[in-house]
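In order, the protein sequence lines correspond to chains S and G.
The opening residue of the first sequence carries number 1 in UniProt numbering; numbering runs sequentially from there.
The opening residue of the second sequence carries number 1 in UniProt numbering; numbering runs sequentially from there.
It is worth saying that the hints were derived from the structure and are not from the lab.
One should not assume that every hint holds.
Where chains are identical, the list cannot tell them apart; a pair therefore holds if satisfied intra-copy or between any two copies.
20 Å max Cα-Cα, derived DMTMM-like pairs, lysine to aspartate or glutamate [to be verified]:
| hint | residue 1 | residue 2 |
| --- | --- | --- |
| 1 | K439 | E513 |
| 2 | K435 | E513 |
| 3 | K413 | D482 |
| 4 | K439 | D525 |
| 5 | K673 | E88 |
| 6 | K435 | D525 |
| 7 | K611 | D705 |
| 8 | K122 | D219 |
| 9 | K413 | D274 |
| 10 | K160 | E214 |
| 11 | K353 | D3 |
| 12 | K154 | E669 |
| 13 | K677 | E695 |
| 14 | K478 | D278 |
| 15 | K611 | D575 |
One letter stands for each residue in the lines below.
There are 2 protein chains.
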Amino acid sequence: MHDPFVIALPDINNHAPANLETVFSIGNGHFGIRASDPLSHSATGGTIVNGFFETAPITYGESAYGYAKNHQTIINLPDLRAVTVTDEAGAAFTTQKLVSQELDLHTGLLTTEMILATLDGKRLHLQLTEAIGQTNQNVAALQYTFTPLSFSGKITVTKKLAFYQAAVTDDDPRKARAVQSLQIDDMAVDQGQAIQITTASTHLRVQMALSVPETTTLDLTQNQATEFFVGAEVGPVGNADGDYPTLVLPPDLGTVAEDGQQYWQQVWAQGTVDITGDKPLAQGIHYNIFQLNSSAGRDGHTNISAKGVSGVGYEGHYFWDTEMYMLPYFILTQPTIAKQLLAYRYHILPQAKERARTLGVTNGALFAWRTINGEEASAYYPAGTAQYHIDADIAYGIGQYYAATGDLDFITKMGFEMIVETARFWANFGSWFIKDGKKVFGFFDVTGPDEYTALVDNNYYTNRMAQHNLELVGQLIKAFQDAGQALPVSVSEKEQADFEIIADNIYLPYNQEHQINAQDDSFFDKPVWPFAETPKENYPLLLHYHPLMIYRHQVNKQADTLLADYLFFDDVPTDQLQREYDYYESVTTHDSSLSRAIFSALAARLGMGAKAYSYFMDTARMDLTDLQGNTADGLHLANLGGSWLSIVTGFAGLHYTADNLTITNHLPENWEKLAFKCQYQGRQLQVSMSHFGTEVTVLAGDPLDITIDGVQQKIAAQ
Amino acid sequence: MHDPFVIALPDINNHAPANLETVFSIGNGHFGIRASDPLSHSATGGTIVNGFFETAPITYGESAYGYAKNHQTIINLPDLRAVTVTDEAGAAFTTQKLVSQELDLHTGLLTTEMILATLDGKRLHLQLTEAIGQTNQNVAALQYTFTPLSFSGKITVTKKLAFYQAAVTDDDPRKARAVQSLQIDDMAVDQGQAIQITTASTHLRVQMALSVPETTTLDLTQNQATEFFVGAEVGPVGNADGDYPTLVLPPDLGTVAEDGQQYWQQVWAQGTVDITGDKPLAQGIHYNIFQLNSSAGRDGHTNISAKGVSGVGYEGHYFWDTEMYMLPYFILTQPTIAKQLLAYRYHILPQAKERARTLGVTNGALFAWRTINGEEASAYYPAGTAQYHIDADIAYGIGQYYAATGDLDFITKMGFEMIVETARFWANFGSWFIKDGKKVFGFFDVTGPDEYTALVDNNYYTNRMAQHNLELVGQLIKAFQDAGQALPVSVSEKEQADFEIIADNIYLPYNQEHQINAQDDSFFDKPVWPFAETPKENYPLLLHYHPLMIYRHQVNKQADTLLADYLFFDDVPTDQLQREYDYYESVTTHDSSLSRAIFSALAARLGMGAKAYSYFMDTARMDLTDLQGNTADGLHLANLGGSWLSIVTGFAGLHYTADNLTITNHLPENWEKLAFKCQYQGRQLQVSMSHFGTEVTVLAGDPLDITIDGVQQKIAAQ
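Using the sequences and the hints, build the whole thing.
Pasting the structure below:
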């Protein structure tokens, strides 16, 4: 049990079918296959294509100018696993028992073993082995192996590309809406079957094909295995009127499996994390890295949705989660994918500029809080559009990508324009005011990362991130100057100076009583949430209390000011950081899956090993244990990235700028050893730490100046 | 022209049919008849019954716990004026010309003269005289007088109780929604016709009847008048399963007209306002008083909707407008109706207690921001439920009613419980915090009257009104003690003391820089709205800017802090009041029809006669001139009451507590004389002022201690 590179049924707490569908889903960034029971035709099973979505007008109880106009909803496509099996008399086999299910993280192969039976007692063993293409991201292979246990004879296997859509029955805003406006056309094909799915409003198209006809008859012999191979194709997302590439079905399981295996070999080679001494955690972190890679769009036009391609929760939308929780992993292990994720933002920059105008800001760009196509899809602006910080989060991600890769080409072509446009937004959106006799710059009616405190003034995180955003312009201008390159986007000297003056004078609220950074201007005036009178079943609070009740109390859904402390390593001295940690921790519910990773990493930095470990425990196996109770809707992608952050930036204390890489050993007591790989400015690094010390090896690339456990040193390549 | 007691077509700016339907609508508090062109079968014409409404689930873009569940929508019932007229050949007459339309404010009679014609040129003069019952509030009379101008012969008059519903085509939140879920049953009657309208969700019923069959043939002689009388009945609103009173149709126009005339005689005798020297304004104020009386529910179970019974705008909902803008008129002229309006609030107190629980407040009651049945119907909580001040507004109204009437019986039976429950709300909703080293009590995440500033901390108006609410408990306890009466609702000494301590320590924000009361904690940190860059057509702002753009600027839709100054006469010294007035005026758009009356009254108090007059001009004839551009949706009831406030509490400087009545002469320059009647503590008073002085006469009742133009005096009865 707890093979660190295999996920099996005993590793999973919740065996409810929809939960297993998510946990054992596999994907390749373009599409994902939920691990449904193939015989059940589950409404929650299906195939999810990244960025294949439909829109529908948002109905508001009371509408207002500038509200997001359309829902954007990812579409649950026909389940590639689904199958119907009948005997000669037409009696249907149903699932008697799920014998085993194993996901091999080294190969990406998912193997399911089941016992099927008819009502009159015929028993049939089914093994389904599934692989998904990684180089060819449009294919999957499903091999069904039937072994009759109690009979010999014919069976009929029916495979169709059919929709079994779920009706959404509750109001939980974290779930998805049903899409009704699809046109499904059968396509004429020489072999097998194919359909074309067209959306009415977004006018998008995807084609799907199977290598087999709708019905196949197999002649089985008792206790002998008969294989039934299904090659599947899930085409790219295209405009409904455009050309569409010809579908080429995979010939066999081996072709697809080998493609997958090579891909995963490279993933582990570039970014494995190995924990010695704690197999469940090692397994957890491997799983998380596996699913991160399975979910990330790699084409520059898709991103990582909040649930990846593992489920339709949050409607397949992309959030700030990408830049703040997932991008760091890709920057340090798969920079090519990191670049593509940022390129996606560049491609929606026109919509972001338009959105800023709608918000009354005359210059700059405001990225949508949640979106697929770049338009704002948040139907509740206090916890949506008001989270302006997404602009600075994206700028931060670009800055970190550049610091770790030195990829000035990307900055020239895409990155600089985004950083300038977001800086312009802050300069035009904010305003000067007087605080304690000093003229300062701030932002009003904003919502920080903590969604339990909305529409406040001078949210510390927002202000600090905006400051960084503005400073990045100057830093990149200097980089262009150093490289003797002209600015790809014109920024006047006056504008540069304005950015600098604003950045220098951005107001960062501080609470004198507690001697800590203040989450916002009014946070400490409010009463602390009545935690003692809140029954455990009333969490998450957002499902049990009116927003007005939540907002008027000191209560955090997740790290907010602490997230700024986490990002800006040198901002806060350790004693203040400790006070801030203690205070904000005491009012944080961790109702957001984005919370614990940051608390873990900061605890590690503060030397609170047990606490760091405890928070990390929750993040590392969050979806394997269904900790949030809603893994059935899809994986918590941000948390998958967050658990990697906990390890690499928490326990290993990794921190970097363009000038410096720092590693600090905060190894948890019960781990013997932590080792991981990463890339930094063209070098392949191996970091290894035990309770006896820390070792960093340059596996490839130039010698490296580095600070290890407080000691500056230079390491030559191996 | 401008007969001060007659409204005629030349008095109206906008002759668009829907605008005329509103302006010439007549009502009796139970129902209203929009003055449609009878031949046009206008979708916006119809009959509006106060409190006859349907519910439908509110759909939210993103829902959350505790949101208002249902829309409540007033129903537009069949138009009693509608008629079809055809000649012997079946050719229909249509309206050629509206010759005249006159509403007599002394009698309540509406007379419409029209020329009708067929396509082949038959011309017919129609005079329609309409009266609505005031003592018998279930009847109306419509007399159609036909005079053929170009022919003699038969005509067929068709009258049906038919629905011509309008489709709502835009998103303006101030309009109403269409109701689809009505059941309409024909009823068997001996004479004429009758229908029963039943709502599916609210399970309410109203019966309507006409004294005539669907078709009547009239034999007309050229140039001779032939009368066609239609008696109409609009029954009470009842439960669909309950007993329903037998409908009794009025026998003729005279019966109904006389009932109306007697009612209006009494209204003018008790509360006329006469302005000498400005006929248009005199007419305006008479019209406003007329429509106020036409709109007010008188049964203790209905109230005054934002549009009265003159239109379906704002869905027939009751707001805080009643207590703050309309109730003062009724308290001082028709205290019986004032009591019934407050009784309505008592009858929805159970729903208010439940609402407080939903908002997380463990004791007390929170009245719905907008409602018919007592449940919250506001689908946008930042400008709805967050306007907690409605609780204190209702308490204020009760306090003023008691101060002016001494009606301890009402306080015993209803008023005290409401004041205690609202005080309990404030005590449990608010919290202690430290401001400038002092422990103070405040309220977080609230919205004051100004809806262009939402979800702020310590809104001055809210805090000051809550303070008054809490103080009222102690004042009424003393009244009970003085009267030797037990408290009708138990309030422990501890609770009394708590209320007192809280009231004494409520935080009232003050801005040092400007030396004025501050609208809220953050108002002065925000930048002032870019008025210079705002084109005229972008007002009202709410239709042209995102709420986030509006909220993050200093901009007022209406009086907010100034409203508190207006209500609490002695709070602010004159020089500070002047500074506050100047500052807040400079950031106020008056996009709310509730704004100008307060600015007028305060300007009068501050001796800015011209300004007071100018604001008053807008309020006095707001609907006659269609100043807000949406009178077609219904009258602006709060403004009708507000214009009375401008005169009586502004120009005449009337101000009262239980112990003192004050009158101060601020007569506008171009008025010769202002005279009005009112009631105060059982006395009937006549106030009369000219530029030569002020005279107050006690027409009936005990001698009166009064302060007139700063001089304390005693006036004996005449």
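Verification of the supplied hints:
{"no.": "1", "hint": "K439 - E513", "verdict": "between (23 Å within a copy, 14 Å between copies)"}
{"no.": "2", "hint": "K435 - E513", "verdict": "both (17 Å within a copy, 12 Å between copies)"}
{"no.": "3", "hint": "K413 - D482", "verdict": "within (17 Å within a copy, 83 Å between copies)"}
{"no.": "4", "hint": "K439 - D525", "verdict": "between (23 Å within a copy, 11 Å between copies)"}
{"no.": "5", "hint": "K673 - E88", "verdict": "neither (58 Å within a copy, 104 Å between copies)"}
{"no.": "6", "hint": "K435 - D525", "verdict": "both (17 Å within a copy, 8 Å between copies)"}
{"no.": "7", "hint": "K611 - D705", "verdict": "neither (31 Å within a copy, 74 Å between copies)"}
{"no.": "8", "hint": "K122 - D219", "verdict": "within (15 Å within a copy, 90 Å between copies)"}
{"no.": "9", "hint": "K413 - D274", "verdict": "neither (36 Å within a copy, 75 Å between copies)"}
{"no.": "10", "hint": "K160 - E214", "verdict": "within (6 Å within a copy, 61 Å between copies)"}
{"no.": "11", "hint": "K353 - D3", "verdict": "neither (49 Å within a copy, 57 Å between copies)"}
{"no.": "12", "hint": "K154 - E669", "verdict": "neither (59 Å within a copy, 105 Å between copies)"}
{"no.": "13", "hint": "K677 - E695", "verdict": "within (12 Å within a copy, 94 Å between copies)"}
{"no.": "14", "hint": "K478 - D278", "verdict": "neither (46 Å within a copy, 72 Å between copies)"}
{"no.": "15", "hint": "K611 - D575", "verdict": "within (17 Å within a copy, 59 Å between copies)"}
Of the hints listed earlier, those the structure fails to meet are numbers 5, 7, 9, 11, 12, 14, in rising order.
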